[in-house]
Amino acid sequence: MAAAAASICLAAAPACGPRTDRDTSALLRKLADDPRVGVDRLTVAERETLIGLIGGIAAPCDGVRTIAEELLDPASDCGRARGAARFIARRLVDGFGRADIEAQVLRRYRDSQPVSIDTTGAPVLGPPDAPVRIVVFSDFECPHCARAAAILHEVRSRRPESIRIAFKHFPLDSHPMAMSAARASVAAHAQDRFREFHDALFEAPESIGPRLYVEIATRLGMDIDRFEIERLSDASANVVRQDKAEGLRIGVESTPAIFVNGRRFEDSIDVLAEWIEED
Numbered sequence: 063m064a065a066a067a068a069s070i071c072l073a074a075a076p077a078c079g080p081r082t083d084r085d086t087s088a089l090l091r092k093l094a095d096d097p098r099v100g101v102d103r104l105t106v107a108e109r110e111t112l113i114g115l116i117g118g119i120a121a122p123c124d125g126v127r128t129i130a131e132e133l134l135d136p137a138s139d140c141g142r143a144r145g146a147a148r149f150i151a152r153r154l155v156d157g158f159g160r161a162d163i164e165a166q167v168l169r170r171y172r173d174s175q176p177v178s179i180d181t182t183g184a185p186v187l188g189p190p191d192a193p194v195r196i197v198v199f200s201d202f203e204c205p206h207c208a209r210a211a212a213i214l215h216e217v218r219s220r221r222p223e224s225i226r227i228a229f230k231h232f233p234l235d236s237h238p239m240a241m242s243a244a245r246a247s248v249a250a251h252a253q254d255r256f257r258e259f260h261d262a263l264f265e266a267p268e269s270i271g272p273r274l275y276v277e278i279a280t281r282l283g284m285d286i287d288r289f290e291i292e293r294l295s296d297a298s299a300n301v302v303r304q305d306k307a308e309g310l311r312i313g314v315e316s317t318p319a320i321f322v323n324g325r326r327f328e329d330s331i332d333v334l335a336e337w338i339e340e341d
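Mapping of the sequence shown onto the working numbering: residues 63 to 341, in sequence order.
Hints were generated in silico from the structure; no laboratory data involved. Any given hint could turn out to be false.
Estimated spans, in silico, between C-beta atoms of each pair [said to hold, decoys possible]:
id : residue 1 : residue 2 : range
1  : Ser269    : Ser87     : 51 to 61 Å
2  : Arg221    : Asp124    : 20 to 30 Å
3  : Asn300    : Pro272    : 18 to 28 Å
4  : Pro238    : Asp287    : 23 to 33 Å
5  : Phe158    : Asp287    : 47 to 57 Å
6  : Glu277    : Glu110    : 52 to 62 Å
7  : Leu294    : Asn323    : 32 to 42 Å
8  : Arg303    : Asp85     : 58 to 68 Å
9  : Asp332    : Arg221    : 12 to 22 Å
Where is the CB? At the ideal position from N, CA and C, for every residue including glycine.
Can you build the whole structure from these sequences, using the hints too?
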């Protein structure tokens, strides 16, 4: 019973958080030293909430000590404790209340279960034994997808042996050329030119259409007759439909939908690199 009570206390800061008379100056200095936390952008009340949450929520590493205890221990190797503190600070800036943030932290670091995603035949970049496996469901008319693609490329360029990225199609019905672009990229993949074709499409979203597809394929030295046949084939359409069905099966509704080691990325696209680095 004692262990269970301790576990609840760690997970429920509002009910049994740190004593209000405890000296938190060292913790506040530690947080202020991390520019990614951004203590200076928080109000006094938000700083107090931040202190209370990290002092009452179990750290992501072993669940025995709190986030605050991990941060204050010079010998701690729990890098995800720093990530959790940054996550909480961002949520405060976004206007979430204490209870909502606590639930989000628990879901992000403790409760979420990885999902299995079928990537058979999907374009991939990176070694098959990479410890960080990313699956992205994307739409070529989605500007946020273009931003995510650039970040993923940059992150992987720093850790090419550690990261593997698989691409899945998820054309949105609200984007009239998304299905067409996806089928064209399937045809490019058949000639081992998916990555280059993918990048070129995201660089010219206002020009997406058959003319652009042929221009890119020509520039990449592809067999144009084969490209056009495969682009317009039922087979290319089926690949895209199967990808989208797989996304719907695991709850994808919008793009980009990014999964890092089977766990859904749910944060600002600007912190995607930091999210991946935690894994």
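Right, here's what the structure says about each hint:
no.: 1; hint: Ser269 <-> Ser87: 51 to 61 Å; in the structure: holds (57 Å)
no.: 2; hint: Arg221 <-> Asp124: 20 to 30 Å; in the structure: holds (25 Å)
no.: 3; hint: Asn300 <-> Pro272: 18 to 28 Å; in the structure: holds (20 Å)
no.: 4; hint: Pro238 <-> Asp287: 23 to 33 Å; in the structure: holds (26 Å)
no.: 5; hint: Phe158 <-> Asp287: 47 to 57 Å; in the structure: holds (55 Å)
no.: 6; hint: Glu277 <-> Glu110: 52 to 62 Å; in the structure: holds (57 Å)
no.: 7; hint: Leu294 <-> Asn323: 32 to 42 Å; in the structure: holds (37 Å)
no.: 8; hint: Arg303 <-> Asp85: 58 to 68 Å; in the structure: holds (60 Å)
no.: 9; hint: Asp332 <-> Arg221: 12 to 22 Å; in the structure: holds (19 Å)
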